[in-house]
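Chain G is fixed; fit chain U onto it per the hints.
Residue numbers (our numbering), protein chains in the order written: chain G, 1 to 280; chain U, 1001 to 1280.
Watch out, some of these pointers could steer you wrong.
Straight-line distance between alpha carbons at most 27 Å, and here's what the computed BS3-like set of lysine-lysine pairs gives [what the hints assert, rightly or not]:
1. U/K1157 <-> G/K199
2. G/K236 <-> G/K222
3. U/K1199 <-> G/K222
4. G/K199 <-> G/K222
5. U/K1157 <-> G/K236
6. U/K1078 <-> U/K1157
7. G/K222 <-> U/K1222
8. G/K199 <-> U/K1222
Think of the hints as simulated: they come from the structure by calculation, not from any bench.
The chain contents come next:
2 protein chains.
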Amino acid sequence: MRVFIAGLGLIGGSFSLALRDRGLAEEIVGMEATEERAAEALRLGLVDRIVSFEEGVASADLTVLATPVDTIPLLAVKALNRVGEQQTVIDMGSTKEELCEVISQHARRGRFVAVHPMWGTEYSGPEAAKHGAFVGRTTVICEHERSDADALAQVEKLFTAFSSPMVYMGAEEHDLHTAYISHISHITSFALANTVLEKEREDRHIFDLAGGGFESTVRLAKSSSATWVPILMKNKYNVLDVLREHIHQLQLFRRMIERDDEAALREMIDRANSIRRIIH
Amino acid sequence: MRVFIAGLGLIGGSFSLALRDRGLAEEIVGMEATEERAAEALRLGLVDRIVSFEEGVASADLTVLATPVDTIPLLAVKALNRVGEQQTVIDMGSTKEELCEVISQHARRGRFVAVHPMWGTEYSGPEAAKHGAFVGRTTVICEHERSDADALAQVEKLFTAFSSPMVYMGAEEHDLHTAYISHISHITSFALANTVLEKEREDRHIFDLAGGGFESTVRLAKSSSATWVPILMKNKYNVLDVLREHIHQLQLFRRMIERDDEAALREMIDRANSIRRIIH
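Extracted from the complex, chain G is given alone in its bound form (with noise of 0.2 Å):
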C-alpha cells in the first residue's frame, strides 16, 4: 500500500510509525505546512519524500488528512475530486460536523471516511510523533455508511493492525461527545494555568510546589495553538454549552465554600467521585 499523508504532526507522524512499525505500507510520502518541519518530517523517518498534495493523492492508495481542523473540509473536497475507485481517503481531526456536510453531496464521497483516534499528547509537530501511538485507545469512525465497503474494510483493518477499538457514531453526535470529554478537558487546563500564571509572580513557587496535583490538570494547557483554536472554533457551540455548564458547576463550588456548606460539599465531590466507575 501507498501512503501519502498531508500533516506530519503528532497525529499524522505517529500514523506514519505505526505503519511502518507493522510493516504495512511500501512506500509512506507526506506534506508538511513549512520546509523546515518537511525536513524534520523526512529526518525523522516519518516519510521517504515530501511530495505535493496533487502528487501525494494522485500516486496514493491511502490518503490521510492530518492538518489542523480548519482546513480538512476544503483538502477532503480536494482530495476526493482527484481519487479513482480504488483510491481512499481518510482524515484524523477532532471535529466532524462541517467535514462531512462539506462532502455529502460529492460524486465520490464513498471514498471517504472519517475517522478520530482517540489518542493524543500535549505536543506538535513532527518530533512529537511516537510509536505505539492509538494502542488500546478507541477510534471513532463518523457516519461509515456513507462510505464504500472496501474503503471502510481497508480503515477497519488498519486499525485494528494498531489495536485501536473502534467505535461508530454519526458526525454530530461526535462533536458533541468530544466536546464534553475533550474539548473542554483542554479549555479547563488553559484556564488553570493563566490563572495560575496570573496569581503566581514567582515561577519558583509553582515549580517547587506542583506535586499537588497540579502537574496532571494543567498538562493539556501544553497544547499548541494551532491545532485547538480550529477545534475549538469549528465545534463552536457544543463547546459553549459544556463551557456554560462547567462555569457552573464551579460556581456551586464556590457557593459551597463561601456558605460553609460542607454536607453540600460533601456531596458535590463524592458525586464527582463516582468517574471512578469509568475513568480507571
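Leaving out everything else, chain U in the frame of chain G:
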C-alpha cells in the same frame, strides 16, 4: 527511633513505608479512625502495633500527625501537652495557618515542626500507601524558626533520606501558594467530572472517548471528600480568591469563543503554553 503515626492513610502510610525502606525506625506504631482500617494498616505492615493516641505520643521519639487537616490543630496541642524535651511532633497537613496559630503560644512549640510534603495521589486509606513516595518532590517546612534546632534537624535528616528537597515558608504564604497550585486543581477536576457526568448520560461514551485528554484532567476528581472538604474549608479565603480568578479565566474563554475572536483565543492559549517553562 520509635515513631508514632496518627492516621495511616495515603500520607501516613507512605511515610511509614519510606521509614521502613530506609531502616530509619526501630518500631512504628499507629492509630486509625476505624478498626477496619487499623487492621488493614497492620496487615499491610504499615505499623507494628495499633495504639491509643496517648500511648503513641508518650512512647515515641517522633509523633506524626497525618489525619485530615481539620483534626490536626487539636491533636497537635494534645500531642505537645504530652511530649518532653527530647520528643518531636510533626504534621503532614495541606493547610498550616490555623495550625501554626493554634500552637503558637504553646509552652513546647519548639518541639513541633510543620511539614507538608508536596506529594499525593487521588487514592486514600492504608491500601493507598506507596513505596518511594516523596522522592524528588518538594517538602515545605513552615515557620521553621519556631522549631527547636534539634527537632528541625531531625526532620531535615528524614526528608533528605527520602530524597525530598525542602523549602521554607511562613504558614500564610504556604496556604496562599497551595491554594493556587494544589487546591484549585482539585476543585477544577471535581467540577469537570461533575460537568461530564451531568452532560453525558451514557457512561459508555465517556469510557470510549476518554483518551482525548480527559483522563489526566479528571484524575484528581477521584480524591476523597474526607480529605478535601477539610482542606478547602480550612483554606477558604485563599481558595475562593483563586476560584474567582479561575472562573474569570473560563469566562474569558467563553466570551472569545462566542465572539469568534480567534486572535484573542490564540493569545490566551499561547500564554497558557508558557506553563511549559515551569512544568516539564
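Verification of the hints:
At roughly 33 Å between alpha-carbon atoms, U/K1157 and G/K199 are farther apart than 27 Å, so this suggested pair is violated. Between G/K236 and G/K222 the CA atoms are separated by roughly 21 Å; this keeps the pair inside 27 Å, and the hint holds. Only pairs whose Cα atoms come within 27 Å are accepted, and U/K1199 paired with G/K222 is accepted, the gap being roughly 26 Å. This hinted pair checks out: G/K199 and G/K222 have alpha carbons roughly 18 Å apart, not beyond 27 Å.
The suggested pairing of U/K1157 with G/K236 is violated, with an alpha-carbon distance near 54 Å, which exceeds 27 Å. At most 27 Å may separate the alpha-carbon atoms for a hinted pair to count; U/K1078 and U/K1157 meet this at roughly 25 Å. Pair hint G/K222 plus U/K1222 holds up; C-alpha atoms about 23 Å apart against a cutoff of 27 Å. Distance check on the hinted pair: G/K199 and U/K1222 sit about 26 Å apart at the alpha-carbon level, within 27 Å; holds.
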